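Undergrad: Sequence:
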Amino acid sequence: MNKRRWVAIFIAAGLFIFATIASFMSKDSDEETLSGMDAVLFGSNEIEEKIVEKGNEEKRIAQLSIDGTIADTGENSFFSGEEYNHQFFLDQLKEVQEDPTVAAVLLEVNTPGGGVYESAEIAKEIQAIQSDDVPVYVSMKNMGASGGYYVSASADKIFATSETLTGSIGVIMFGMNFSELMENLGIEDQTYKSGPLKDMGSAVREPTEEDDKVMQEYVDNSYDRFVEIVANGRDMTQDQVRKLADGRIYDGQQAKENHLVDEIGFPEDALTALKKDEQLKNAQVFEYDVASTGFDRTWLGAKIAQTQGFKQSESERMLNIIDRIGTPEAPKPMYYYGGE
Numbered sequence: 044m045n046k047r048r049w050v051a052i053f054i055a056a057g058l059f060i061f062a063t064i065a066s067f068m069s070k071d072s073d074e075e076t077l078s079g080m081d082a083v084l085f086g087s088n089e090i091e092e093k094i095v096e097k098g099n100e101e102k103r104i105a106q107l108s109i110d111g112t113i114a115d116t117g118e119n120s121f122f123s124g125e126e127y128n129h130q131f132f133l134d135q136l137k138e139v140q141e142d143p144t145v146a147a148v149l150l151e152v153n154t155p156g157g158g159v160y161e162s163a164e165i166a167k168e169i170q171a172i173q174s175d176d177v178p179v180y181v182s183m184k185n186m187g188a189s190g191g192y193y194v195s196a197s198a199d200k201i202f203a204t205s206e207t208l209t210g211s212i213g214v215i216m217f218g219m220n221f222s223e224l225m226e227n228l229g230i231e232d233q234t235y236k237s238g239p240l241k242d243m244g245s246a247v248r249e250p251t252e253e254d255d256k257v258m259q260e261y262v263d264n265s266y267d268r269f270v271e272i273v274a275n276g277r278d279m280t281q282d283q284v285r286k287l288a289d290g291r292i293y294d295g296q297q298a299k300e301n302h303l304v305d306e307i308g309f310p311e312d313a314l315t316a317l318k319k320d321e322q323l324k325n326a327q328v329f330e331y332d333v334a335s336t337g338f339d340r341t342w343l344g345a346k347i348a349q350t351q352g353f354k355q356s357e358s359e360r361m362l363n364i365i366d367r368i369g370t371p372e373a374p375k376p377m378y379y380y381g382g383e
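As numbered in my numbering, the sequence shown has no gaps in its residue numbers, which increase by one up to the final residue, 383.
Where hints are given, some of them may not hold.
What the hints assert, rightly or not - Below, computed lysine to any residue pairings styled on SDA-like, alpha-carbon distance capped at 25 Å:
#, residue 1, residue 2
1, 236, 375
2, 102, 375
3, 319, 101
4, 200, 89
5, 319, 95
Don't read these hints as lab results, they were simulated from the structure. Model, not experiment: these values are computed from the prediction.
Please put together the full structure from these sequences, using the hints given.
TA: See below:
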């Protein structure tokens, strides 16, 4: 091993030790930002603004984005990276609500949907923004399906391209059943429960008629809420929505013909229309980011961040996603296109 490699190893080891000591010294802090050596290594991790287009700072357009499955992996806004971070996105929606200079919002959507609860959280915050007379335009990119449509439905205007995959209005709750396989293998389920429905959705016994009835009612209730959101957002009757909401997908042109979107166009077309419709021709356009040095995206930085509890490992992230979207033994309803 040459001299340069030894120097690199010593520097890396020094940084790791120093950062670890610093983290122990700051464990009592309840702040959601970083300070001291943590800030030097990773940045403050405060929400910051990035100017997309210069313009009037008193009337601004916030450009937000949902890119990826709508699921809360349990991560905070620290080291949000390029993947969808649910808490960071909710933080952005709160920032918009508290900023009197934001005159409009352009939300770019590229998602197959996701969790019922997470989708409802987003829809609630978007409606709170609109209640302050701040218009919200949506531009669907590759996909704005199921939960992606749920969060878009209340928008003042929805754009999609002809190639956009949207629709998939409905609820899915999937699981697997191994009871017949277990019987063939001579394996018996031995479950003790306080009531006959306590283990509904179990993968190791055949579902009963009562199981099916209760589960279907649960899914139907989520579906009814979805229909109501679409009906209110698109100024349609619930009967009109139900005719379209059998789970099928639509391309952008079909969605426009069925009044699920308003215009065919790309994000830049939606922005142009928003500026024209709301007299915001000279508005500043900005987006939110997290103040970061980028060190956490290196191998060493990621390991240090994981050691200090700032960042999840890939295995932790996957386990949290599985926990949020359900398992064969504990299925959860999803506003999601793509089945399993």
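Undergrad: Could you run down the list of hints and mark each one as holding or not?
TA: Going through the hints against the structure:
About 20 Å separates the Cα atoms of residue 236 and residue 375, which keeps this hinted pair within 25 Å; it holds. For the hint pairing residue 102 with residue 375, the CA-to-CA distance comes to about 42 Å; that exceeds 25 Å, so the pair is violated. The suggested pairing of residue 319 with residue 101 holds, with an alpha-carbon distance near 17 Å, which does not exceed 25 Å. Simply put, residue 200 and residue 89 have alpha-carbon atoms about 31 Å apart, too far for the 25 Å limit, and the pair is violated.
Only pairs whose Cα atoms come within 25 Å are accepted, and residue 319 paired with residue 95 is accepted, the gap being roughly 18 Å.
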